[in-house]
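**Student:** Model the full assembly from the supplied sequences, consistent with the hints where possible.
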Amino acid sequence: MIHHLEKDADLALFSGEIQLLVAALYRNERPLYGLAGLLDWRFRGLISDYIRSGFFSGEAGECIYLPLIHNDLFYHIMLLGVGDTDRPGTRKMVTQHPLQILHKNLVSLRNSRVAVSRTDFGNANDNFFSENLPEVPLWIVH
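Sequential numbering from 1 applies to the sequence shown in the numbering used here.
Don't read these hints as lab results, they were simulated from the structure.
Just so it is clear, CB atoms sit at the ideal spot from N, CA and C, and this is done for glycine as well.
Hints may contain errors.
[What the hints assert, rightly or not] Think about it this way: if two alpha-carbon atoms lie no more than 35 Å apart in a straight line, the pair counts; the simulated DSBU-like pairs of lysine-lysine are:
| no. | residue 1 | residue 2 |
| --- | --- | --- |
| 1 | K7 | K92 |
| 2 | K104 | K7 |
| 3 | K92 | K104 |
[Said to hold, decoys possible] Okay, the calculated beta carbon distance ranges per label pair:
| no. | residue 1 | residue 2 | range |
| --- | --- | --- | --- |
| 4 | D72 | E135 | 26 to 36 Å |
| 5 | N105 | L46 | 31 to 41 Å |
| 6 | Y65 | H97 | 16 to 26 Å |
| 7 | R87 | E135 | 29 to 39 Å |
| 8 | E131 | R44 | 16 to 26 Å |
| 9 | I69 | N125 | 17 to 27 Å |
**Tutor:** Shown next, in the form of structure tokens:
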């Protein structure tokens with residue numbers, strides 16, 4: 001089931017309206033853009049630190065779950081590696097392989113309010129998310 005929140009992704013996360021936020025991360029995009037860039041800024045460069053250390057690269061299909069504590073509050077972030085982008089800052093439709101891995105991970109976590117930003121997934125429509133992430137209670141944020 002797809003729901004829409006008329007809020008920015010970070011506001012929805014930090015206000016507790018969603019439980020887990022998914023961000024697409026491109027392998028050849030530095031500095032980070034999109035939701036990954038915003039989260040990196042909010043969490044004081046933590047995602048960039050993981051990239052620099054080699055823990056995560058953005059390779060298509062990489063998927064990591066980051067439980068983070070910020071100002072004594074607990075946040076759930078999932079980073080999905082989607083491969084290369086044609087140009088930093090541009091977003092393309094995410095391919096099937098990373099989506100299958102994301103689906104498997106989201107179903108196993110059983111969160112009831114998972115959010116994605118449509119623009120992180122190439123401005124995908126609701127049908128795209130319904131078809132590729134069935135069984136996931138998904139919230140679309142800005």
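**Student:** Take the hints in turn and mark each one as holding or not.
**Tutor:** Going through the hints against the structure:
no. : hint                     : verdict
1   : K7 <-> K92               : holds, 22 Å
2   : K104 <-> K7              : holds, 26 Å
3   : K92 <-> K104             : holds, 22 Å
4   : D72 <-> E135: 26 to 36 Å : holds, 33 Å
5   : N105 <-> L46: 31 to 41 Å : violated, 19 Å
6   : Y65 <-> H97: 16 to 26 Å  : holds, 18 Å
7   : R87 <-> E135: 29 to 39 Å : holds, 34 Å
8   : E131 <-> R44: 16 to 26 Å : violated, 36 Å
9   : I69 <-> N125: 17 to 27 Å : violated, 35 Å
In summary, the numbered hints that this structure violates are 5, 8, 9.
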